[in-house]
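In order, the protein sequences belong to chains A and B.
Residue numbers 6 to 130, in the working numbering, belong to the letters of the first sequence in order.
Residue numbers 61 to 431, in the working numbering, belong to the letters of the second sequence in order.
Check the hints yourself; a few may be wrong.
[As the list claims (entries may be wrong)] Facing chain B, from chain A, some residues (calculated, C-beta under 8 Å): (1) G38; (2) F42; (3) L45.
[Claimed, not checked] Take a look, some chain B residues computed to stay more than 10 Å from chain A by CB distance: (4) A182; (5) D291; (6) L299; (7) P384.
Quick caveat, the hints were computed from the structure, so don't treat them as lab data.
Since the structure is predicted, the reported quantities are computational estimates derived from the model, not experimental observations.
We put the beta carbon where it would ideally sit given N, CA and C, even for glycine.
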Amino acid sequence: MSVLKYTEDHEWIRLDGDVATVGITPYAQEQLGDVVFVELPEVGRKAEQRKEIAVVESVKAASEIFAPVSGEVVEVNKALPEQPATVNSDPLGAGWFFKLRIADKSQLDKLMDEAAYKAFVEGQH
Amino acid sequence: MAESALSRTPLHKLHLELGAKMVPFAGYDMPVQYPSGILAEHLQTRSQAGLFDVSHMGQLRLTAKSGGPTPAVALERVVTSDIAGLAPGRMRYALFTNGAGGILDDLMVTNTGDHLILVVNAACKEADEAHLRAHIGAEVVIENLAARALLALQGPAAEAALARLVPACRALRFMQSAFWSIEGARCFVTRSGYTGEDGFEISVPGEAADGLARRLLGMPEVKPVGLGARDSLRLEAGLCLYGHDIDETTTPIEAGLAWSIGERRRREGGFPGAAVIQRQLREGTQRRRIGILPEGRQPAREHTEIQNPAGGKVGEITSGGFGPSLNGPLAMGYAETAVAAPGHALNLIVRGKPLPAKVVALPFVKTNYKR
Chain A
6 MSVLKYTEDH EWIRLDGDVA TVGITPYAQE QLGDVVFVEL PEVGRKAEQR KEIAVVESVK
66 AASEIFAPVS GEVVEVNKAL PEQPATVNSD PLGAGWFFKL RIADKSQLDK LMDEAAYKAF
126 VEGQH
Chain B
61 MAESALSRTP LHKLHLELGA KMVPFAGYDM PVQYPSGILA EHLQTRSQAG LFDVSHMGQL
121 RLTAKSGGPT PAVALERVVT SDIAGLAPGR MRYALFTNGA GGILDDLMVT NTGDHLILVV
181 NAACKEADEA HLRAHIGAEV VIENLAARAL LALQGPAAEA ALARLVPACR ALRFMQSAFW
241 SIEGARCFVT RSGYTGEDGF EISVPGEAAD GLARRLLGMP EVKPVGLGAR DSLRLEAGLC
301 LYGHDIDETT TPIEAGLAWS IGERRRREGG FPGAAVIQRQ LREGTQRRRI GILPEGRQPA
361 REHTEIQNPA GGKVGEITSG GFGPSLNGPL AMGYAETAVA APGHALNLIV RGKPLPAKVV
421 ALPFVKTNYK R
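Construct the complete structure from the given sequences, taking the supplied hints into account.
Now the structure itself:
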């Protein structure tokens with residue numbers, strides 16, 4: 006069974022077993038606009054919660070991706086740097102960024118669930 | 061700035077109807093993009109035609125006073141370009157300078173025959189008008205045409221679109237102007253723009269702007285384009301954005317805009333900062349505006365440090381991003397003259413890491429003016 010959580014940085018994290026997939030939310034991609042560049046971390050890198058781990062750039066702006074939880078990068082979406090527009094077209098699916106083996110699952114508990122994130126986004130307007 | 065404090069152009073309602081993402085820009089609530097997005101809007105303008113609302117820009121009219129000098133003679137005291145030599149029906153790029161040769165604003169000047177029309181940057185328009193009134197207000201009548209909107213119709217299909225309303229527009233050439241009645245409104249049209257493409261800027265009475273915009277947007281070639289794509293289009297065309305690529309600390313010579321000054325003005329001077337600019341024309345400058353092509357896909361943004369291959373700082377990026385037509389990153393900036401020639405290898409320091417790049421000639425994308 007997978008668990009889907011969201012951060013205040015408009016990232017999503019989906020846990021399957023002890024590996025979590027990370028991407029940015031539909032709201033985030035819409036705010037960014039057309040994504041033209043993605044820089045991913047190296048596999049094996051130790052990610053620290055809330056620290057910069059990747060970069061996403063649109064035509065108009067650069068934005069950091071923060072590690073939603075601490076862990077080790079076990080896989081990255083190799084297709085993404087070649088097809089950065091996938092972040093816009095399928096942010097919750099093929100537009101994923103990287104996978105983390107999570108160190109401390111309790112960090113997930115403090116992130117928002119879908120309902121809380123939806124309220125958070127509405128509060129941004 | 062609070063949203064309520066933002067000014068609105070006559071097309072504000074239309075922007076909202078079209079689903080634009082609105083942002084504050086120079087005190088106006090302006091469309092940065094429409095639902096199709098900056099990439100699509102940019103490519104639309106290069107392949108067909110884009111309609112831009114640039115009503116936030118300042119439009120000023122200078123008219124002679126009885127017994128006073130011509131507006132051209134008066135204006136030459138505050139700009140570097142040859143205005144007296146500007147034929148009726150012609151438009152020219154010009155620069156307001158300060159006493160140090162720095163650029164106060166860039167503008168377009170059109171000689172309509174009996175007066176001059178100036179189009180200045182939105183963020184500078186109040187200062188520009190005050191500057192004009194202080195320096196030449198006693199000699200010429202200065203009118204702010206704030207009740208007029210300004211539409212830019214840009215792209216290879218702009219002529220075909222506008223010709224449905226004004227067949228005569230086909231005869232207009234780049235940097236020429238005409239007064240036409242369009243859809244019943246008296247418009248002032250120039251064949252000019254800020255995209256590197258052929259196109260027109262249409263000054264239209266504010267109350268007629270919405271109708272004209274809707275008429276143009278109803279044509280198959282024309283789609284709305286926001287400020288986001290306006291920026292990527294002008295950057296690919298190598299055109300300066302005031303407040304970024306040029307400002308009070310840059311001179312026309314450093315900015316590579318010496319071409320705009322004209323032979324007579326170079327010789328005679330008579331504009332603010334003439335001594336500095338004439339000396340720089342003779343002796344050169346320490347730094348130059350350059351075009352920069354980063355290697356790979358990563359954009360380098362404004363304020364990115366430029367280093368030589370040995371790691372010494374040689375300049376800074378003033379505009380940088382992604383060029384949709386170039387299909388890659390591009391930038392402009394200032395670098396020491398010694399490394400400013402096309403072909404020089406440079407490093408851009410992006411997030412602490414050197415990104416290899418090279419100096420290239422401007423524009424990045426071939427311009428497509430109808431001369």
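Do the hints match the structure? See the list:
1. G38: Since chain B brings a Cβ to about 6 Å from G38 of chain A, closer than 8 Å, the hint holds.
2. F42: OK, holds: F42 of chain A within 8 Å of chain B, min 5 Å.
3. L45: Given a least distance of 12 Å, the restraint on L45 of chain A is violated.
4. A182: Check passes; 18 Å lies beyond 10 Å.
5. D291: Incorrect as stated: the minimum Cβ-Cβ distance to chain A is 8 Å, not above 10 Å.
6. L299: L299 of chain B clear of chain A: closest Cβ-Cβ about 17 Å, beyond 10 Å.
7. P384: The assertion about P384 of chain B is violated, with a minimum of 7 Å to chain A.
The structure fails to meet hints 3, 5 and 7 from the earlier list, while all remaining hints are met.
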